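Visitor: Once you've looked at the hints, dock chain B against the given chain A.
Those sequence lines, one after another, are chains A and B. Just so you know, we're using the working numbering here: the first sequence kicks off at 7 and counts up by one. Just so you know, we're using the working numbering here: the second sequence kicks off at 618 and counts up by one.
Be aware that a few hints might be false.
Dumping the calculated DSS-like pairs for lysine-lysine here, alpha-carbon to alpha-carbon at most 30 Å [claimed, not checked]:
no.: 1; chain 1: B; residue 1: K623; chain 2: A; residue 2: K136
no.: 2; chain 1: A; residue 1: K95; chain 2: A; residue 2: K129
no.: 3; chain 1: A; residue 1: K129; chain 2: B; residue 2: K629
no.: 4; chain 1: A; residue 1: K129; chain 2: B; residue 2: K619
no.: 5; chain 1: A; residue 1: K9; chain 2: A; residue 2: K211
Coverage of chain B stretches by chain A, computed from C-beta distances (three or more under 8 Å per stretch; other residues unrestricted) [stated by the list, open to error]:
no.: 6; region: 622 to 631
no.: 7; region: 829 to 839
Hint data in this document are derived by calculation from the structure and do not stem from the laboratory. Here the structure is a predicted model, which is why all the values come from computation and not from measurement. Glycine residues also receive a C-beta, built at the ideal position from the N, C-alpha and C atoms.
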Amino acid sequence: MIKLKNVSKTYPPNVQSLKDVNLDIDQGEFVSIVGQSGAGKTTLARLLIAEEKPTRGVIEIGGWDITRIRRREIPTLRRQIGIVFQDFKLLQKKTVYENVSFALEVAGETRKRVREIVPQVLKIVGLDEKLHRYPQQLSGGEQQRVVIARSLVHRPKVLLADEPTGNLDTLNTRDIIDLLLKINEFGTTVVLVTHNREVVNGLRKRVITLADGIVSSDKKHGKYLIS
Amino acid sequence: MKLLTKTTRLLKAALQNIVRNAWLGIATIIVLVMALTSVNLLIGVNALIQDAVALLEEKIDVTVFFKQDANEALVTQAKFFISDLPQVKSAELVPSNEALERFKERHANDPEILEALAELDGNPLGATLRIKARSTSDYPFIMETLKNPQFADAIESKSYDDHSESIKNVQSIGENSRLIGMALIGIFALIGILIVFNTIRVAIYTQREEIGIMRLVGASSLFVRTPFVIQGILLAAVALLISAALVALGVAWIEPVLTPLYDGTDPGLKRYFIEHWLRLLAIQGGGLALLVGITSWVAAGKYLKR
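Isolated chain A, as found in the complex (with noise of 0.2 Å):
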């Protein structure tokens, strides 16, 4: 599902932020990819949403080499990708079912599709009782629920999560990770983006740890292994 062949990214005026990074992952699997800050993983979400272009190498995502994409097909690259970031990244003068909707609407999905659509992810979310709530109106965990509904509307084949509990307190980030793991169990890939250790540990899923912009180990039931 997501393959990267020797990615290097080099940002000016020298600084290399990944080096030579190689990876496959499959469709389905749930993976966490950890490492200390600076290590490389923000980067690399980036690199995967097309947020930014690698200096050296090849990023396929389903078979679709977005190394050197255009601008205009940006926008298709990220309706197959379900982004979920630590902030949140919500429209604030938006409401709750506005935020899920308009992701549909930006892909010019009919008003019938959408009606259809938005109350059944935020079934899914548990927030199908909060449709008009604006997002300040909601707890942090409640909006990063409503992101994960805003990425789930185009049923995603990869769901891209960077440091989705990085501003919660424990049960959120409990249920938050349950979600994930619930998402991922209908198929969907997920590539969690964490520096979070109890939540890597708890998993037994797929681990990759970046250190220095390489990749220093992928375990297939790893732990967070960096102190």
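Guide: Quick look at chain B alone, frame taken from chain A:
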């Protein structure tokens, strides 16, 4: 159907943007109204000056006094010759006998003058030709034409020599006021453009995060940009209507105040705006919509990089 859905969504997004960023919208409208009103103020002042100059120009004429013994046929021929010139607006001939009648009428209550006139053998007054040119710049040409040897000998004097200085002054005021007026309108329009450009940029800057999020969830740049352009054009339309209302009220209020300064005649301000309202509205509305549309497109594009 898809196009209709898309258009409805873009319009809805633009209207939601306006409602949910109401204060920003109000601030933008105020700036647009100020820019438009100041340009209209200058247009009005320019129209008033042009009218005043036209009034002065209208008062100017040149009178040719023919000799008392000038041949009547030659005088009539001179009148037709002058009237046919494209530079001449009107030429009024007063024959010598009519000139005498008018003189007598004017001095009907002055027996001394009438007695002195009766003592003379014949009519001491020659014919006069009153000429109005289409433009003040045409008088020198007309004067030159009157030097034609065919009529020159029959002419006693011309009043142009007395007026030449004032004609030159009016001509110079007219030319300068047109030039300065146009330059000032140009400068104000330019300042207005810069203010509008920056206001729209600031308005979109405050929404840069939203633009980034829209992009992240897969919105195409067209889908992100278009509501901002529609929003800008709608705000510009509201500003145009408000400034048009302000100008109409201002003109209605100031016209009676100005009338005494114009010797009780029409200062021409209201007339100018009534005659040119469609053109002014089209130029200002079109220009503003274009400016706001392009600015919104460019400013939103800045946050669409990736």
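Visitor: State for each hint whether it applies.
Guide: Each hint tested on the structure:
Restraint check for K623 of chain B and K136 of chain A: the C-alpha separation of about 27 Å stays at or below 30 Å, so the hint holds. Using a Cα cut-off of 30 Å, the hinted pair K95 of chain A and K129 of chain A holds, with the two alpha carbons roughly 21 Å apart. Straight-line distance between C-alpha atoms of K129 of chain A and K629 of chain B comes to about 26 Å, which keeps the hinted pair within the 30 Å bound. Straight-line distance between C-alpha atoms of K129 of chain A and K619 of chain B comes to about 28 Å, which keeps the hinted pair within the 30 Å bound.
In summary, the hint linking K9 of chain A to K211 of chain A is supported, as the alpha carbons are separated by about 19 Å, within the 30 Å threshold. Coverage of the region 622 to 631 of chain B by chain A holds. Counting CB-CB distances below 8 Å, 3 residues qualify, and the rule asks for three or more. With 10 residues having a beta carbon nearer than 8 Å to a beta carbon of chain A, the region 829 to 839 of chain B meets the requirement of three or more and the stated coverage holds.
In terms of the numbered hints stated before, the structure departs from none.
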